[in-house]
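K.L.:
Read off the chains here:
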Amino acid sequence: MSAPEPEQKRLHPASLIVRWLKIVPQMLAGGIGLAATSNHEGFRRFILFAMFAALAGALFALLSWWRFRYAIGPGEIVIEKGVVSRQRRVIPFDRVQDVAIERGLIARLFGTARVRVETGGAAKDEGELDMVALAEAHALRDRVRHGARGAAAAAAAAEPTLFALGGRRLLLSGLFGFSLVFLAAIAALVQQLDQFGLVDWDYWFTPARAEAATHLVTLQTTFVLALLLVMAGTVAGVVRTVLRDFGFRLTRTEAGLRRRRGLFTLSEVVIPLRRTQVALIESGPIGRAFGWYRLSFQTLGADRKEGGVQIAAPFAHMDEVLPILAEAGFPPPPPRSDFRGGPRRALVRWAAPWLALACVAAAAAWLFDPRAAIAAIAFVLLALAAMLAWRVHRHTEDLDALYVSRGLLKRRLAIMPYEKAQIVAVSRGPLQRGLALATIAVDTAGAQPVRGIRMADLDATEADAGADRLHAAFRAARAALRAGGGHG
Amino acid sequence: MQADGTGDGAGAMTPLDPAHVAVLRIRFGLAAAAAVLLALPALRMETLPVPAWLVPAAVLLAGLAATLILPVRRYRGWGYREGEDEIEIRRGRLVRLRTIVPFGRVQHIDVALGPFQRMFGLGTLILHTAGTRGASVPLPGLPVAEAERMRDRIRAKIRQDLV
Numbered sequence: 001m002s003a004p005e006p007e008q009k010r011l012h013p014a015s016l017i018v019r020w021l022k023i024v025p026q027m028l029a030g031g032i033g034l035a036a037t038s039n040h041e042g043f044r045r046f047i048l049f050a051m052f053a054a055l056a057g058a059l060f061a062l063l064s065w066w067r068f069r070y071a072i073g074p075g076e077i078v079i080e081k082g083v084v085s086r087q088r089r090v091i092p093f094d095r096v097q098d099v100a101i102e103r104g105l106i107a108r109l110f111g112t113a114r115v116r117v118e119t120g121g122a123a124k125d126e127g128e129l130d131m132v133a134l135a136e137a138h139a140l141r142d143r144v145r146h147g148a149r150g151a152a153a154a155a156a157a158a159e160p161t162l163f164a165l166g167g168r169r170l171l172l173s174g175l176f177g178f179s180l181v182f183l184a185a186i187a188a189l190v191q192q193l194d195q196f197g198l199v200d201w202d203y204w205f206t207p208a209r210a211e212a213a214t215h216l217v218t219l220q221t222t223f224v225l226a227l228l229l230v231m232a233g234t235v236a237g238v239v240r241t242v243l244r245d246f247g248f249r250l251t252r253t254e255a256g257l258r259r260r261r262g263l264f265t266l267s268e269v270v271i272p273l274r275r276t277q278v279a280l281i282e283s284g285p286i287g288r289a290f291g292w293y294r295l296s297f298q299t300l301g302a303d304r305k306e307g308g309v310q311i312a313a314p315f316a317h318m319d320e321v322l323p324i325l326a327e328a329g330f331p332p333p334p335p336r337s338d339f340r341g342g343p344r345r346a347l348v349r350w351a352a353p354w355l356a357l358a359c360v361a362a363a364a365a366w367l368f369d370p371r372a373a374i375a376a377i378a379f380v381l382l383a384l385a386a387m388l389a390w391r392v393h394r395h396t397e398d399l400d401a402l403y404v405s406r407g408l409l410k411r412r413l414a415i416m417p418y419e420k421a422q423i424v425a426v427s428r429g430p431l432q433r434g435l436a437l438a439t440i441a442v443d444t445a446g447a448q449p450v451r452g453i454r455m456a457d458l459d460a461t462e463a464d465a466g467a468d469r470l471h472a473a474f475r476a477a478r479a480a481l482r483a484g485g486g487h488g
Numbered sequence: 001m002q003a004d005g006t007g008d009g010a011g012a013m014t015p016l017d018p019a020h021v022a023v024l025r026i027r028f029g030l031a032a033a034a035a036v037l038l039a040l041p042a043l044r045m046e047t048l049p050v051p052a053w054l055v056p057a058a059v060l061l062a063g064l065a066a067t068l069i070l071p072v073r074r075y076r077g078w079g080y081r082e083g084e085d086e087i088e089i090r091r092g093r094l095v096r097l098r099t100i101v102p103f104g105r106v107q108h109i110d111v112a113l114g115p116f117q118r119m120f121g122l123g124t125l126i127l128h129t130a131g132t133r134g135a136s137v138p139l140p141g142l143p144v145a146e147a148e149r150m151r152d153r154i155r156a157k158i159r160q161d162l163v
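Chains E and Y, in that order, give the protein sequences.
Residue numbering for the first sequence is 1 to 488, as defined by my numbering.
Residue numbering for the second sequence is 1 to 163, as defined by my numbering.
No incorrect hints appear here.
One-sided and incomplete, this derived list gives chain E residues near chain Y with beta-carbon spacing under 10 Å:
| no. | residue |
| --- | --- |
| 1 | R428 |
| 2 | G446 |
| 3 | G452 |
| 4 | A467 |
| 5 | F474 |
Think about it this way: if two alpha-carbon atoms lie no more than 20 Å apart in a straight line, the pair counts; the simulated SDA-like pairs of lysine to any residue are:
| no. | chain 1 | residue 1 | chain 2 | residue 2 |
| --- | --- | --- | --- | --- |
| 6 | E | K410 | E | V181 |
| 7 | Y | K157 | E | R475 |
| 8 | E | K410 | E | L280 |
| 9 | Y | K157 | E | A472 |
| 10 | Y | K157 | E | R478 |
| 11 | Y | K157 | E | A477 |
| 12 | Y | K157 | E | R482 |
Footprint (simulated), chain E over chain Y, 3 or more residues, beta carbon under 8 Å:
| no. | stretch |
| --- | --- |
| 13 | 99-106 |
| 14 | 130-141 |
The set of hints was computed from the structure by calculation and includes no laboratory data.
C-beta: ideal position from N, C-alpha, C; glycine also.
Whenever a hint applies, use it, and build me the whole structure from the sequences.
P.N.:
Here it is in C-alpha cells:
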C-alpha cells in the first residue's frame with residue numbers, strides 16, 4: 001500500500017458490448033420455455049422477459065466493467081474484480097509463464113485483444129483481461145515478459161522464422177484432419193431443442209414412416225450415405241484446420257518460440273523454453289506414410305484445452321521438425337535401430353485379456369447364440385492389434401534424454417531430457433509378477449494423467465535397474481545444470 | 001511368495017512402525033462394522049432364497065476375516081529407504097509399487113496425523129511434487145518424531161538445492 005501507486009486502468013469500453021452479448025443469451029435461455037408454449041399470451045410474456053433480460057444484462061455488464069480494474073506495478077500485475085464480493089489478485093512477473101494474446105472476430109472489429117496471463121497454477125482463470133486495446137495488449141505483454149528491463153528490450157531484432165504453414169500445405173493438412181466432431185455437435189443441438197420441446201418426435205417418426213423407411217435401407221443407400229459422411233468429415237476437417245491454423249508461423253524469440261495462427265480468431269502464444277518438459281512427435285497412420293508429423297511441447301502453464309501441450313508445428317516433415325527441436329534445446333530422436341522393447345513374454349499380458357474375452361464369447365456362441373461368434377472374432381482381432389501395438393512400444397536412452405514411442409495407429413514419440421523427471425515409479429501387478437515383468441512410469445510436470453511417459457512390461461530386474469539408472473541420470477543432469485549456473 | 005516380501009532387488013528397506021498394524025486394524029474394523037449395519041435391512045426382506053440372517057452374518061464374517069488378515073498384509077507391503085538425495089518408497093501387495101522421489105523435486109511436505117494414528121503417536125509424511133500422476137506420495141505409519149525429522153531433513157535438502 002506504500003510506494004507510488006501504479007495507475008489503475010479499466011478494460012476497453014468495447015468489452016461492455018461483448019459482455020452484454022454474452023450475458024443476455026444465457027438469461028434468455030431460461031425464457032425460451034415461455035415462448036415454446038406458443039400461444040399469444042406466452043409470446044407476449046417472452047418479449048417482456050427478453051426486454052427485462054437485455055436491460056438487466058446491460059446493467060450487470062456495466063457494473064462488472066466499472067468494478068474491474070487492473071494495474072501494472074513495477075514487478076507485478078494487480079487485478080481487482082467482483083461486483084459484490086471483491087477479489088484482488090496479485091501476479092508477480094517472475095511467476096508468469098506466458099502472456100497469450102487472442103483476438104476473436106469481435107475483438108478485431110474494435111481493434112482490441114484478450115490478454116491471458118498463465119502462471120502454471122491450478123486455477124482455470126488465472127489472469128484474464130478481456131478486452132484491452134491492441135497496442136495496450138502488446139505493451140502489457142512486453143512489460144510482463146521483460147520485467148524490469150521494460151519495453152525497450154522487447155523492440156529487439158527481427159525474429160527468425162522456424163516454421164510456417166503455407167496455403168497449399170494448410171489445405172493438405174486439413175485433408176488429414178478428417179473429423180466427425182460436427183455430428184456430435186448436431187446431436188447436441190437436437191438434444192437442446194428437444195429439451196425445450198421444440199422438436200416433436202411423434203410428429204416426425206410415425207410408424208407408417210418407419211415402415212416406409214425400412215425399404216430405403218439398401219446396399220446403395222448405405223454406400224451413398226457412408227460416402228456423404230466421409231465427404232462431410234473431410235470438409236469439416238479442412239474447415240476446422242483452416243480456421244485454426246491459417247497463417248501459422250513459428251518464430252524464435254529471446255525466451256522461447258512465438259506462435260501465431262488463426263483465420264478469424266488470431267492467437268499469439270510464446271512457448272517458453274525454460275518451461276518445456278517433454279517434446280512429442282506424433283503421426284497418424286496415413287500421414288506417417290507420407291512423412292507428415294506434428295511437433296508439440298508439453299509445457300508448464302500450457303492451456304489445458306489443448307491437452308497441456310503447445311503445438312509448435314502441426315504438419316511438418318521430419319527435416320523441418322529436427323531444427324525446431326534443436327532450437328528448443330531437445331536432442332534429436334536416435335535411429336530406429338537403437339530402440340528396444342520389452343521381453344517377448346510381455347505379449348501374453350497385452351493379448352491375454354482380449355483372448356480371454358474371445359474365449360467367453362466363443363463359449364457363448366457355442367451354448368446360446370451363434371451370433372456371439374462375431375464378438376469372438378472381434379476380440380481375436382483386438383488381441384492381434386494389441387500384439388502389434390506391443391511391437392511398436394519401444395524406448396531408448398542416450399546421454400541426454402529418454403525416448404519412448406508407442407501407439408499402433410496414432411504413434412507418439414516422447415522425448416524427455418533427464419533433468420525434467422519428477423518421480424520415477426516401478427509397478428508390478430499380479431499378472432506382471434507371474435511373468436516377471438514391471439512397468440516404469442516417469443512423471444513430469446504438467447503431464448496429462450493418461451498420456452504420461454510409461455515403459456510398459458519390461459523385464460522386472462531390468463525395470464528396477466532402469467529406474468535406478470533414470471534417477472542417476474536425473475541427478476547427474478541436475479548437478480550439471482547447477483554447475484552451469486542454473487538456467488542460462 | 002518370496003520371503004523378503006518386497007520383490008526382487010530390495011535393498012535394506014525400513015519397515016513402518018509396527019503400531020501401524022493396529023491403526024489399520026481399527027480402520028478395517030470400523031469399515032466392517034459399517035458394512036454389517038448396512039446389511040441389517042436384509043433381515044426384513046422376505047423374498048430372499050436363503051434365510052435372511054445369513055446376509056448380515058456373511059458380511060460380518062467377511063469383515064472379521066478382512067480385519068484379521070489384511071492389516072498385516074498391508075503393513076508388510078510398505079517399506080522405505082532414505083537415500084542421499086532421494087527417498088525410495090515401496091507399497092502394495094497385489095500391485096507392487098516402487099517410487100523414487102528426488103528431494104530436489106519436492107514442492108512441499110505435509111505431516112498428517114489421523115485420529116487413530118494419533119492414538120498410537122504415528123503420522124503420515126506426504127511429499128508433494130509438481131508432477132501430475134501420483135504427484136503426492138504418502139508414507140504412513142511413521143512415529144511422529146521420525147516423520148518430523150524426515151520432513152526437516154528434506155526441507156534442509158531443498159534449501160541446499162536452491163542455493
